Each structure stands twice: as structure tokens, then as C-alpha cells.
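As you go down the protein sequences, you meet chains S and V in turn. Here the first sequence is numbered in the numbering used here, starting from 1 and rising by one per residue. Here the second sequence is numbered in the numbering used here, starting from 115 and rising by one per residue.
Heads up, some of the hints might be wrong.
Heads up, simulated EDC-like pairs for lysine to aspartate or glutamate below, C-alpha to C-alpha not over 20 Å straight-line [claimed, not checked]:
1) Lys55/S <-> Glu144/V
2) Lys593/V <-> Asp70/S
3) Lys618/V <-> Glu630/V
On the chain S side, residues computed to face chain V include the following (Cβ under 8 Å) [unchecked claim]:
4) Leu22
5) Ala52
6) Lys55
7) Leu64
8) Gly92
9) Thr94
10) Ile95
11) Gly98
12) Arg102
Quick caveat, the hints were computed from the structure, so don't treat them as lab data. Small disclaimer: the values here were computed from a predicted structure and weren't measured. Beta carbons: idealized from backbone N, C-alpha and C, even for Gly.
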Amino acid sequence: MFKAATSGPAKVVTANRLDSGLVVFLDPNGGWALDIAEARILDDEELDDALAYGKEQDDARIILDAYAIDVEVTDGLAVPVRLRERIRAERGPTIDYGEAERQRLAGGQAEAGE
Amino acid sequence: MYRYDEFDQEFVTERVAQFRGQVARRLSGELTEDQFRPLRLMNGVYLQLHAYMLRIAIPYGTLNAEQMRMLAFIARKYDRGYGHFTTRQNLQFHWPALKDVPDILDHLSRVEMHSIQTSGNCIRNVTADQFSGAAADEIVDPRPYAEILRQWSSLHPEFVFLPRKFKIAVTGAERDRAAVQVHDIGLQARRDANGRVGFAVFVGGGLGRTPMIAHKINDFLPEEHLLSYCEAILRVYNLFGRRDNKFKARIKILVHETGAEEIKRQVDAEWERIRHSALALPDEEIRRIRDYFALPADLRPRPAESIVLNRARAGDAGLDAWVVQNVVPHKVSGHAIATISLKPIGGTPGDATAEQLELIADLAERYSHGEIRVSHEQNLVLPHVALDDLPALYEALERNGLGTANAGLVTDIIACPGLDYCALANARSIPIAQRISERFGDHARQAEIGELKIKISGCINACGHHHVGHIGILGVEKKGEEFYQITLGGSGDENTSIGEIIGKGFSSDEVVDAIETLVDTYLARRDTPDEDFLAAYRRLGQAPFKEALYGTA
Ligand code: HEM
Ligand code: SF4
Numbered sequence: 001m002f003k004a005a006t007s008g009p010a011k012v013v014t015a016n017r018l019d020s021g022l023v024v025f026l027d028p029n030g031g032w033a034l035d036i037a038e039a040r041i042l043d044d045e046e047l048d049d050a051l052a053y054g055k056e057q058d059d060a061r062i063i064l065d066a067y068a069i070d071v072e073v074t075d076g077l078a079v080p081v082r083l084r085e086r087i088r089a090e091r092g093p094t095i096d097y098g099e100a101e102r103q104r105l106a107g108g109q110a111e112a113g114e
Numbered sequence: 115m116y117r118y119d120e121f122d123q124e125f126v127t128e129r130v131a132q133f134r135g136q137v138a139r140r141l142s143g144e145l146t147e148d149q150f151r152p153l154r155l156m157n158g159v160y161l162q163l164h165a166y167m168l169r170i171a172i173p174y175g176t177l178n179a180e181q182m183r184m185l186a187f188i189a190r191k192y193d194r195g196y197g198h199f200t201t202r203q204n205l206q207f208h209w210p211a212l213k214d215v216p217d218i219l220d221h222l223s224r225v226e227m228h229s230i231q232t233s234g235n236c237i238r239n240v241t242a243d244q245f246s247g248a249a250a251d252e253i254v255d256p257r258p259y260a261e262i263l264r265q266w267s268s269l270h271p272e273f274v275f276l277p278r279k280f281k282i283a284v285t286g287a288e289r290d291r292a293a294v295q296v297h298d299i300g301l302q303a304r305r306d307a308n309g310r311v312g313f314a315v316f317v318g319g320g321l322g323r324t325p326m327i328a329h330k331i332n333d334f335l336p337e338e339h340l341l342s343y344c345e346a347i348l349r350v351y352n353l354f355g356r357r358d359n360k361f362k363a364r365i366k367i368l369v370h371e372t373g374a375e376e377i378k379r380q381v382d383a384e385w386e387r388i389r390h391s392a393l394a395l396p397d398e399e400i401r402r403i404r405d406y407f408a409l410p411a412d413l414r415p416r417p418a419e420s421i422v423l424n425r426a427r428a429g430d431a432g433l434d435a436w437v438v439q440n441v442v443p444h445k446v447s448g449h450a451i452a453t454i455s456l457k458p459i460g461g462t463p464g465d466a467t468a469e470q471l472e473l474i475a476d477l478a479e480r481y482s483h484g485e486i487r488v489s490h491e492q493n494l495v496l497p498h499v500a501l502d503d504l505p506a507l508y509e510a511l512e513r514n515g516l517g518t519a520n521a522g523l524v525t526d527i528i529a530c531p532g533l534d535y536c537a538l539a540n541a542r543s544i545p546i547a548q549r550i551s552e553r554f555g556d557h558a559r560q561a562e563i564g565e566l567k568i569k570i571s572g573c574i575n576a577c578g579h580h581h582v583g584h585i586g587i588l589g590v591e592k593k594g595e596e597f598y599q600i601t602l603g604g605s606g607d608e609n610t611s612i613g614e615i616i617g618k619g620f621s622s623d624e625v626v627d628a629i630e631t632l633v634d635t636y637l638a639r640r641d642t643p644d645e646d647f648l649a650a651y652r653r654l655g656q657a658p659f660k661e662a663l664y665g666t667a
């Protein structure tokens with residue numbers, strides 16, 4: 001197992017899956033998790049190896065364009081520093097969409113006057 | 115509507131088969147991403163923030179009920195039950211899996227649709243006035259010419275690797291609803307004193323990081339020369355456009371650096387060489403294409419006044435407001451054009467669910483001779499509705515969250531996908547649009563404010579047209595936070611202007627208040643209720659708005 005930081009700044013490797021295009025994170029077993037909570041938390045020394053592994057996985061047609069992101073770790077949970085990456089880690093837009101949005105609007109639950 | 119001939123169908127079908135092979139080779143590892151990327155982009159497949167995105171062309175914004183049902187089917191089967199209509203009269207699906215894209219394209223090809231030339235440095239989907247073929251103020255239906263341009267530009271061997279993408283827009287009315295002056299080529303169809311059809315030709319407009327208004331280089335290009343003249347423009351661009359710098363590669367930069375006079379001279383010189391070539395359009399050919407766009411045969415004039423409608427309006431304030439706001443006159447008596455707003459208060463601009471798309475397909479069949487249009491303002495349009503049918507149409511729309519009476523009002527906001535979906539974004543667009551929409555959602559308040567176009571982009575690429583918003587909002591990133599820069603006085607109509615930055619940007623928390631301050635300033639300073647925001651801004655200038663936002667200091 002890799003040693004994992006439990007708090008403070010660290011890195012996580014992320015990519016998109018080749019077949020589905022969905023956002024994934026490198027996990028401690030060398031797999032790719034949809035949930036950032038399962039991501040392997042890396043310190044600077046481990047980063048190069050993890051990125052090299054990402055490149056191999058790219059060549060093996062599992063994922064696309066692996067790269068490292070800055071995260072802040074609290075109690076073992078990584079939260080990306082940049083908003084862009086937080087939104088990716090949420091696995092979808094920050095607003096509701098499709099049928100869920102239609103139902104919200106139909107239910108008149110939109111917050112009036114903001 | 116235009117129907118594919120054998121050649122069109124064969125070409126699209128072959129292209130799907132070809133892409134199916136390319137996807138298979140990508141998934142099996144024969145193709146690397148570097149090799150595959152240009153191939154997928156040629157077929158409208160992008161990789162976005164969360165997933166792949168598929169962009170589907172809706173040529174000149176015209177589609178029929180069957181095509182709309184197919185889009186609904188795809189949304190449900192291969193995506194997450196919804197689609198997003200864009201300012202380029204395209205539809206984007208945000209969640210398709212790569213392995214499914216060939217099947218999606220196969221389905222599309224069966225209803226004469228595709229994703230070809232929706233990306234890459236080629237001539238993109240030609241856009242047009244969404245009221246084409248129906249508007250009372252129309253001089254010439256521009257769609258036959260858009261179709262001729264589509265055929266000419268589809269896989270035109272000389273123009274598949276241009277310096278940069280190339281966008282053409284056409285309109286056929288004095289009122290420009292297609293923003294032709296911010297396109298690479300803008301065409302305004304008109305008639306001369308003898309009734310002959312021709313075009314005013316605009317070149318070198320564009321938005322993005324360097325917004326430019328196009329220059330008119332021909333006042334009246336007779337219709338038979340449409341292709342030879344466009345070919346001459348493209349040749350000049352292809353030869354001299356700047357391939358050395360992606361940010362300077364659009365034709366607008368070439369026109370700006372060379373000067374419109376000189377560009378016109380070069381285009382005319384090239385045109386002189388080729389105008390009598392095979393590109394000259396024979397009259398019969400124009401007529402043949404035009405026949406596809408004839409009004410529906412059973413669309414007959416009816417009494418100009420509808421008692422049914424008048425009575426219903428008197429008893430239903432919602433219907434009345436919708437008719438005032440979303441319905442415009444048709445060229446055939448007793449009919450109207452109805453805009454279906456995809457801007458419900460607090461919703462995502464331009465999104466529609468599969469169920470809504472299907473409902474609209476049904477309503478188009480029942481009330482609009484099966485025809486539907488997509489507007490660059492991210493709304494849908496039923497172009498041929500009998501006045502008598504408006505009450506029933508409204509009721510069906512209203513029941514399904516599609517009856518918002520806000521076309522052209524402050525909540526009819528254009529917004530690009532922004533940081534919620536787009537890999538290039540600096541800031542989110544959709545939540546800002548939603549919050550502004552909620553702030554001004556009260557119908558009486560919107561109606562009081564009158565016409566006001568707010569347009570939001572999540573980065574300088576300007577997909578949300580912010581440069582030509584009466585109020586434009588541009589998302590930027592400042593020290594890791596989202597900030598929003600406001601421009602005022604832009605307009606994308608026949609009096610096109612580029613908005614001016616009013617001052618320093620606002621945080622996400624502040625920006626909606628800032629918009630409200632601008633609107634309140636306008637309301638306090640307008641001459642009469644008939645003076646709309648843009649007119650008042652043009653009269654007053656920046657000063658009062660600046661003062662209201664930032665104080666005098
Ligand atoms: C989500 C993926 C998208 C990507 C990657 C993308 C990319 C770009 C880029 C790079 C430009 C600047 C081009 C230049 O100045 O040379 C641009 C411009 C533009 N895009 Fe997009 N865009 C996307 C979505 C959209 C959407 C959703 C719309 C419609 C709402 C749209 C419509 C436009 C328009 C109207 C322009 C400006 C007009 C012009 O070409 O000058 N794009 N886009
Ligand atoms: S303007 Fe920027 S953020 Fe918005 S869709 Fe275009 S590229 Fe994306």
C-alpha cells in the first residue's frame with residue numbers, strides 16, 4: 001500500500017475514461033474510481049510514478065490524458081483546490097438538469113427572488 | 115423542407131460507417147488519441163469537463179417533427195434524458211459514451227441529420243433567421259440559399275483545412291435576427307428595383323477574444339453568383355489567413371489587418387476569374403431548391419382576426435401575456451409564429467428534456483404543419499400556427515413548463531454551458547443566468563422593463579455572444595475565484611455594436627445585484643416606456659450606469 005497523507009495539501013491523479021468519457025481518479029490499487037473519495041492521495045515524491053502509470057493506462061486505452069491536481073486533504077478526504085476540479089469531482093454540473101430540473105421548476109421550488 | 119437526395123443520403127451513411135470503424139480502431143488501440151482527436155472532431159465529438167459531448171447540426175435551424183422525435187429518442191436512450199440547444203442552432207448532448215456515438219449517428223442519418231462539420235477548421239453549419247419562410251417582414255426566404263451553401267460547403271475539398279473555423283449566417287428580412295454582422299460571412303438577401311434576388315455580403319465579423327463587426331463588401335450580389343463569390347472569399351482567406359497564430363487565424367483578423375477595401379479588391383479579382391465557372395447557379399437549380407422550402411400546401415389564408423383567440427385572451431391573462439411576448443405576425447393572414455421559450459424562470463437556458471422534445475414534435479404536427487425552428491437565442495419556434503390554435507397550443511405548452519412568456523425580455527438569457535460543462539471555461543454561466551432569471555422572474559416587472567438582451571459567456575471564446583448583449587456578462591477567473599465582467603451596449607441585429615466594458619468585474623455574489631442596479635438606472639433614466647434599454651444606453655452613454663455601479667469617485 002502507498003502511504004497516504006491524512007491532512008494538508010497533496011495531489012491526486014485524474015483523467016477521463018476512454019469509453020464513457022467520465023471523470024475518474026487513480027485509486028490505491030491502480031484502478032480508476034468515479035468517486036474522488038476512493039482516490040489515492042499522493043505526495044510530491046509519488047507523483048512522477050503515478051503520472052507514468054497514468055501514461056501507461058492511456059496507452060492501454062483505459063483512460064485519456066491523466067494529470068495531477070492539487071487537493072486539500074481533511075480526514076483522509078481529498079477536496080480539489082480549483083473550482084474546475086471540484087466540479088469535475090462532483091461528477092456533474094453544479095445545477096440540476098434534465099428531468100430533475102423540470103420537476104424542480106414544476107414544483108415551484110425555485111427560490112423566489114434568489 | 116429540404117429532403118436528402120440519393121447523394122446526400124449515401125454520403126451521410128458512408129460517413130457513419132467510416133466513423134464506426136474509426137471508433138472501433140480507437141477502442142482497440144490501433145489509433146492513439148492524437149490520431150483520433152481530429153477524426154472525432156470532424157464528427158462533432160468533443161471531450162468536455164465531465165464526459166464526451168456530441169454536437170448535432172440543425173442546418174439553418176429547421177427541423178421537422180420526426181427529427182425532433184429522434185433527438186428525444188437519443189436523449190433518452192444514449193444520454194441523460196435532455197439536450198442543450200446552442201447559439202449556433204445546434205443541439206448538444208453532454209453525456210454520450212464514445213462507443214455509442216456511431217449508433218447515435220446511425221439513428222440520426224435515418225432522419226437526414228448528422229454531426230459533420232460541427233467542429234474543426236471548416237465551413238460550419240450555416241445558420242439563418244429562425245423565422246425564415248414565415249415572417250411577415252421577410253423579403254426573401256434565405257433557407258434555399260443556406261441549403262445551396264450547405265451542399266457546396268459539405269466536404270468541399272479545398273476548404274476542409276482552413277486556417278480556422280468559418281461560420282456563415284443568412285437572413286432575408288430587414289430586421290436581422292441571425293446576427294449576420296458577427297459572422298465570417300453574413301448574407302442579407304434582398305430584392306433590387308426589378309424584384310431580382312441578391313445579397314448584401316458582409317465579411318470579417320466575429321466574436322471570441324477579438325470581437326469585430328463585419329464589413330459590407332458587396333451591396334447587391336445577384337443570386338446566381340452566390341457560390342462563386344463565396345468561393346472567392348474563401349480562397350482569399352485560405353491563401354492569406356494567418357496559419358501562424360491560432361488567435362489571429364479567423365478571417366476577421368485578415369480583414370482587419372488587410373483592410374476591407376483591399377480584401378474586396380482581392381475577392382473581386384478572384385471572383386472575376388471564376389464567376390463564369392461551374393459555380394454559377396442556373397435559375398432552374400435555384401428554383402428546384404426553393405421548391406423544397408415552399409409554404410405547406412394546406413396553409414391557406416384565414417380571417418386576419420380570430421374570434422376564438424380574442425375571446426380566450428380576454429379570459430386568460432397568461433395566454434394574453436404569452437401572445438404579446440412570444441407570438442409574431444406571419445406572412446399568411448390568420449397565422450402566427452410562436453416562440454417556445456426554453457428559458458423557464460430559474461432554468462438552464464436552452465435545455466429541453468426528452469419528454470418536452472416529444473411534446474413539441476406532437477404540437478408541431480398538430481398546429482404547425484410539422485415544422486420546427488431553432489433560434490440562435492436558444493429557443494424553439496413553431497413557424498406556422500393558425501391564430502385559432504394559439505389558445506390550445508399555449509395551454510399544452512404551459513402544462514409542460516414551456517409556456518414562459520419572456521421572448522426578448524430580461525429573463526430570455528443566452529448562456530453558454532460555462533464551467534458546469536465546458537473544459538475551456540473560466541467561470542460558470544448557467545447559475546448566473548438562473549439567478550438573474552429568478553430576480554426578474556415576475557412577469558409584470560419584466561414587461562415593464564421591456565426588451566433587454568442579456569448574454570453570458572464563461573470565457574473569452576464568447577459562445578454565449580456576450581459582446582453583442584445589451585448587457586453582456588463574461589466569466590473570468592481571478593485568484594481562483596469566479597468573476598464577472600459586464601459590458602453594455604452590444605447588439606447583434608441590423609445595427610450591430612460591440613458592448614463596452616463598464617468597469618471592474620463583480621464576484622459571483624455581487625453580479626446579480628449589479629445587473630439589477632443597471633436595470634433600475636435604466637428605468638429611472640429612460641425617456642418614455644418605449645425607449646428600450648439599448649436605446650437609452652446609446653443616448654445616455656456609460657456615465658449614469660458607471661456612477662450607479664461604482665459611485666462617482
Ligand atoms: C462546449 C464545448 C465548446 C467548445 C470547446 C467551444 C470552443 C469555442 C472556441 C475555441 C471559440 C473561439 C473561436 C475563435 O475565436 O476562433 C468558440 C466560439 C464560439 N462558439 Fe463555442 N465552444 C463550445 C460550445 C459552444 C456552445 C455551447 C455554443 C452555443 C451556445 C458555441 C457557439 C460559439 C459561438 C457563437 C462562438 C463565437 C462566434 C465566433 O466563432 O466568432 N460554442 N467556441
Ligand atoms: S464561451 Fe468559453 S466557457 Fe462558454 S462554451 Fe464557449 S468555450 Fe466554453
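Comparing the hints with the structure gives:
Between lysine 55/S and glutamate 144/V the alpha-carbon distance is near 16 Å, which keeps this suggested pair within the 20 Å criterion. The straight-line distance between the Cα atoms of lysine 593/V and aspartate 70/S is roughly 15 Å, inside the 20 Å bound, and the hint therefore holds. Pair hint lysine 618/V plus glutamate 630/V holds up; C-alpha atoms about 16 Å apart against a cutoff of 20 Å. At its closest, the beta carbon of leucine 22/S sits 6 Å from a beta carbon of chain V; the interface hint therefore holds under the 8 Å criterion.
Because the closest C-beta pair between alanine 52/S and chain V is about 17 Å apart, greater than 8 Å, the hint is violated. With its C-beta approaching chain V no nearer than about 12 Å, lysine 55/S sits outside the 8 Å limit, and its interface hint is violated. Given the 8 Å rule on beta carbons, the hint for leucine 64/S holds: about 6 Å separates it from the nearest Cβ of chain V. Checking glycine 92/S against chain V: minimum C-beta separation of about 6 Å stays under 8 Å; hint holds.
The beta carbon of threonine 94/S comes within 6 Å of a beta carbon in chain V, closer than 8 Å, and the hint placing it at the interface holds. A hinted interface residue such as isoleucine 95/S counts as satisfied when its beta carbon comes closer than 8 Å to some beta carbon of chain V; here the least separation is about 5 Å, so the hint holds. The closest approach between the C-beta of glycine 98/S and any C-beta of chain V is roughly 4 Å, which is under the 8 Å cut-off, so the hint is satisfied. Checking arginine 102/S against chain V: minimum C-beta separation of about 5 Å stays under 8 Å; hint holds.
Of the numbered hints listed earlier, those contradicted by the structure are 5 and 6.
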